[in-house]
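Just need the whole structure built from these sequences, with the hints factored in.
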Amino acid sequence: MGYVWDQLRGAIPLIAHGDPYIMGLLWVTLRVAVVSTAAALVVGLPIGVALGLGRFRGRRTLQLLANASLALPSVVVGIGVLLFLLPQGAFGSLRIEFTLHAVYIAQAVLALPYIVALTPAAIQGLPPGLIDQARAFGAGRVQLGMFALREARIGVVAAVIAAAGATIAEVGAVIIVGGNFQGSDETLASALLEQFNYTGHDPYATAIALVLLAVILVLIGTLTVIQQRTGAVQFRFRTA
Amino acid sequence: MTGADHPAPGRVLLRCEHLTVRRGKREVIADVSAELRAGEIVALLGPNGAGKSTLLDALAGALAPAEGRIERHGRVGIALQSPDLARRTVFANVTLALAWWGVPRPERTERAREALRAIGADHLARRRAATLSGGERRRVHLARAIAVRPDVLLLDEPFAGLDAEVRSNLLEDALSALRSSTRATLVVVHDRAEAWALADRLLILLDGRLAASGSPRDLLERPPTVAVARFLGFDGSLDDGHELLLTRPAHVALDPAGAFEARVTRASPLEDGARLELELDQGRVYAVAPLPAPRTGDAVRIRIDGGARFPLRETSAQFETPTYPPATPG
Amino acid sequence: MKLIWDEIQRAVPLILHGNPTLFSVIGFTLQVALVATAAATVIGLPIGLAIGLGRFRGRQVLRVLANVSLAIPPVLVGTFLFVLFSPRAPLGSLHLIYTRRVVFVAQAILALPFVVALTAAAVQGLPPGLLAQARLLGAGRLQVWALALREARIGVMAAVIAALGVSLSEVAAVVILGGNIYDYNQTLASATLYEVNGGYYADAVAIAIVLIALILILMCGLALLQHQGNGIRLRFRSAA
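Chains as they are written, first to last, in my numbering: chain A, 1 to 240; chain B, 1 to 330; chain C, 1 to 240.
Don't take every hint at face value.
[To be verified] In silico negatives: residues of chain A with every beta carbon more than 10 Å from chain C:
{"hint": "1", "residue": "Leu26"}
{"hint": "2", "residue": "Ala39"}
{"hint": "3", "residue": "Leu149"}
{"hint": "4", "residue": "Val225"}
[Said to hold, decoys possible] For the chain C half of the interface with chain B, some residues (derived, Cβ under 8 Å), not all of them:
{"hint": "5", "residue": "Ile26"}
{"hint": "6", "residue": "Gly27"}
{"hint": "7", "residue": "Gly125"}
{"hint": "8", "residue": "Ala132"}
{"hint": "9", "residue": "Ala134"}
Hint data in this document are derived by calculation from the structure and do not stem from the laboratory.
The beta carbon of each residue, even a glycine, is placed where N, CA and C say it ideally should be.
Structure below.
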C-alpha cells in the first residue's frame, strides 16, 4: 500500500498547484467534450427525433442500425476519419490531420450513435397516446418534434451525458487521428494512455488519472442529480 | 346457487383477530376480526382505498401485521390483482405454478388439465400467454390458483377490467370451479353484482374497518349501520324527526294512492324506464319507473315498502365493527 | 476516397494471404473475448439477479454502483489495475503485467459491469406481479431467479452480447496492462492502434476490416435476438 500512497503523494501537489501540462489536458478534454457533443447533437438530434416519431417503412431497420452503431470500436472510427483526412484522402486538402480539429471530428462521430440511438428510445418511452393526440390536434412535424423533445427531455439529457462521457473517455480514435503530440491535441484519457509508454511511474500518470476520474464523477453526479430531481417530482405526485 | 343451497360451512381454516396492518406510517386496516370456514365462498367488498388488497396480502402472509394475530390451518394460496403470466404457453404457466407449490412432477400434468377444464380454459392450453385476451388471461390466472388446491384461496379482484359479457361468462364458470367443501375462498370484489353472484357471506370493509358481516340477503334487509346501507345502494333518505329511513329504488314505487307527495327533480332515461330523483319534505329518494315515466317537475305520489330505519342519534356514528365471535344471522 | 480505396486494395491481399501474425491476433482476440465474457457472465449474472430481485439492505447502493461502474473509462480501469498489479504493489506478486493472462483479466473486469447492470435492468423490467405471484404460490428463491432469468432472457442475452462487444473493441486497458507487444498479446483493436502509430496504414486497415467483420457478426446475433422478441408480439397482432 505504501507504493500507492507514494504515487498519490506525488500527484496531489501537481493538481493542487495547477500544473500547466495537466491543466492544458483538462482544457483540451473539456473543449473536445463540448464541441464534439454539440456537433453530434446538431447532426444526431433531428435524426433521433425523426426515428422516434416517424412511422415510415424501414424505421425498424434504421433503429437497429442506430443501436448497432453504438458498438463501433473507437479505433475503427479513428482509422476511418484518418483515411479521409490524410493528404491523399478526400478531405486531405484541409490539412487538419493530426490536429485538434481532427480529434473534434473523430469524437463527434463516436458521440453520434449515443444521440441517434438513445433519443428515439426516450421518445418511445412516452405515453403512447401523447404524440398521437398532438398529431390529431394538427401539430406539424417541427412542432411535434419540439413537443416530443420537451416531454422526453430527461431521457435526452441522459443521452447527451452519455455522449459527452464517450468523448471524454475514448482513447482509440483520439490517438489515431490526433497523433497525440504533446501539448496540442491530447485529452486527459489519451495522455494517460501515453504515460504508460514511459517506464517511469510518473506522478503525472496518477495526477492525470485523478483529474479524469473527477471529471467523470462530475458528469455522473450531474446525471444522478437530474434523475433524482425528476424522481422526487414523481414521488410528490404519489403522495398528493 | 349460493348460501342456503349448500351444506353449512365446516371447520375454521383461517381466522384473524383484531388485525391491524400498516403501510409505512399509515394504518390501512384497523381491528379487523373475521374467520373463513371450509366450504364457503366469502366476498370482501369495499370502496377504493378501503384496504381490501392490504387485508388479503396480510392474510396471505405477504405483509406482517402491526397488531393482532392470524391463525391458519392449512396452506393459503393467493391470486394477485394483476394477472401476470410467464411468457410461455398457458399449460406451462399452470404447471409452473404447481411446481412452485411443490406438487411432485408426475402429478402436475393431470392437475393442470383438470384445473383448466374446471374453469373452461382447456381450449387455451396450447396458446402462448402473450396472445391471450383480457378475459382469457384472467381465466388462466384463476386456473393456476385453483390447480394448486390451497386450503384457503384468496382472490384479489379476479374480474377487474372485463367488459360486461366476458365478466358474466367468467363469473358463471368461476362459481362452479370455486365451490369446494374442503376449501375456504375469500374473493375481493369491487362490484356488488359480483358479490351477489358468488358469495355465501359478505364482509364489508369501510375505511380499514370491518363494517358488516353476513349473508347478502340479510345485509340487504337489515344493514347494520347507515354507512353500510349507503354502500349497499340505499341512496334515498327520509328524516321525520325521530328516525332516518333509508331506501333503495326497489322500495319506492309510484302509486296514485301512495302516502307521500313528491316532486320529480331529475329523470334519467334507462333502457326500460327512467331513474327518478324525487324530492319530498322529509328528504330525497330515488325510484325506477317503467315507461311512460313522469318528467322533471311533475308532482307524483309514491308508496314506500320496506327500507332500513335508524334512530337519529345513531347516525352520527359512522359504523361499528360487528361483535366477535360473529353473531349468527337471523 | 482514393486513399481509402488504395488502402483497402492493399489490405485485402494481406487478409486473404493469411498473414500468420494476423491470424494469431484474430485467434487471441476471439479467445479473450469468449473467455472474458464467459467469466464476466458467470460472476456477473448472479450479482445482477441479486440486485434486480433481491430485497436486502444496500441493494439500491449496489444498483447505483453497478450503473456508475458502467461509466468508468477503460483507461482509468487500466491505470487502476496497473497500479494494483505493479511489481511493488499489493498484487504485484502475481506477475501479471505485460503477460497474455492480464489481457484476459482486464477484459473480464471491463465486461463485468455490462453483465451486472444490464441483467439487473432486464430483470427489473419484468412485471412485478409475476414474481410476487410466484413467491406467494410457494416458489423458493432459486425458482424465482430461474423464472426471472427465463422471462428476461432477451435482455440478459443482450447484456452478454454487449459484454462481447466491449471485449472486442476496447483498447485502453489491454494496451496499458499488456503493453501491446507485437506477436504476443495484441488484440485486433490494439494491433490497429499499433500499426497506425507505426505508419503502416494498410496493415491497420486490414486488421480494422477483420474487426468490423467480427462486430458485424455480433450485431447480426443481436438483431436476430430482437426479432425473436418482436416475433412474439407480431404473432399476437395477427392472432387478435
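Verification of the hints:
no.: 1; hint: Leu26; verdict: holds (15 Å)
no.: 2; hint: Ala39; verdict: holds (21 Å)
no.: 3; hint: Leu149; verdict: holds (24 Å)
no.: 4; hint: Val225; verdict: holds (13 Å)
no.: 5; hint: Ile26; verdict: violated (38 Å)
no.: 6; hint: Gly27; verdict: violated (38 Å)
no.: 7; hint: Gly125; verdict: violated (13 Å)
no.: 8; hint: Ala132; verdict: holds (6 Å)
no.: 9; hint: Ala134; verdict: holds (5 Å)
When the structure is compared with the earlier hints, violations turn up for hints 5, 6, 7 and for no others.
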